[in-house]
Amino acid sequence: MMRRRFLVLGGAGLIVPLAPVRTHATPAQVAALINELVGEAPLRDGRVKLDMPVMVENGNSVGMTVSVDAPVGEVRSIDVFAEGNPLPRVLGLRFGPRAGAARFATRIRLATSQTVIAVAKLADGSCWRDSVDLLVTLAACVDD
Amino acid sequence: MVRVLLNVPKQVKKGEPFEVKLLISHPMESGQRRDQMGQPIPRDIINSFVCTYNGEEVLRAELFPAIAANPFLSFTVAVQESGTLAMTFTDDHGVAQTATASIAVA
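Chains as they are written, first to last, in the working numbering: chain A, 97 to 240; chain B, 19 to 124.
With the rest of the complex left out, here is chain B (with noise of 0.2 Å):
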């Protein structure tokens, strides 16, 4: 589990775009660099980002290792109805996490 920092607004206008920040806390080894003993660190890093809005696919991201550590993405959103934004990252482990928000349409 890893920590994960998301902002959203809470009430949205039916239609209109608005913007969701995700700062996620990941080292993205990138599998380039040796340690001390000069032995190569094993990559490790969040390959995949997808970010659905009541299930229905907002935005599918492939990230490398050139994605610098501690991730911060950003993207824009339109919904028409109330509902919860779920934003899944998967990291070289397999490993996948979910952080949700609940997003009011006024």
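Looking at chain A on its own, in the form it has when it is part of the complex (with noise of 0.2 Å):
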């Protein structure tokens, strides 16, 4: 019996690594993420916003501002989070005692059109999230 199992095991391990190298995220996989992150807490719409151009002409170098409706002191986190990317997670930020504001801007790339999400985490334990759906059109290179 032991024998046997050894076999499966190493015939699974062998399997593995045959999977496709290059996979996009799926929905699915940032749900989860998003999950994760939340837990049971409520996740509602609101208070966050994710600011990106809906139309992008290319993806390599996207222009984001995530933002929280309240005082930096009672931000714990804010996520972001790719659904079309390669790898889902973008960015993750938190916030000391002398931020200004819970406010970040950066450039972001993007593979294909998709959802961008922020979700924010707040000191009383309430998650907001906001999200955009942008079409690209000259998608960040992936291949060369």
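Possibly wrong hints are sitting among the right ones.
Stretch-level coverage of chain A by chain B, calculated; a stretch enters the list once three of its residues show a Cβ under 8 Å from a Cβ in chain B [said to hold, decoys possible]: (1) 146-159; (2) 172-183; (3) 186-193; (4) 203-215.
By construction, these hints were calculated from the structure, which means they are not laboratory data.
Each residue gets a CB set at the ideal place from its N, CA and C atoms; glycine is no exception.
The task is to assemble the complex, starting from two chains supplied on their own in separate frames and drawing on the hints.
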């Protein structure tokens, strides 16, 4: 019996590396990540604002501003996810006592037209989300 | 060492938030691309960013390969006294670099 189990385990080990190397994240994957982040707390729309252009010409560099409508001391974290990128996580933010406002701007890559989601966790345990559906004309180069 | 462009006001008002803009010259190689021989190009990104003011934390950011090449970061800081703003970022090789700026409170 042990020998058989060993064979089964060995076989499973062989199959895993054959899985496609380049996969895109899926909405389900992002939902799982958000679930992990949020836990039991209810996730509502609002409070957090994700500011991005809806039409994107070049996915290699897309301006993104995320902000929370709350005093910065009450914001525990902000996380940004991209459903259509090879890797779903984009950015994780934590604010310290010296931050001026719960706002952060940067430029991100988008592999395809997709939904980008921001989730903010406040000190009182509540969680808020905002999402933007974007159309990307030229995707961020993945192959070359 | 990478080149960093840092834009902060020299003089600020006490307790009033001011904007900090930072442009880091870095390829942010995502690890998703392949070279001409079809070999994967290893990931090389700045994966963490920490900003402190007089040693107290302002902001901490975890960066992923989805951040565009030559990362541009912008955020606000509010301070009560004059001091030094220090921004430390670490790449995948574990190399940390710090950019600093002096801020005077008027």
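| said: I'd like to know which numbered hints this structure contradicts. Please list them from smallest to largest. | reply: none
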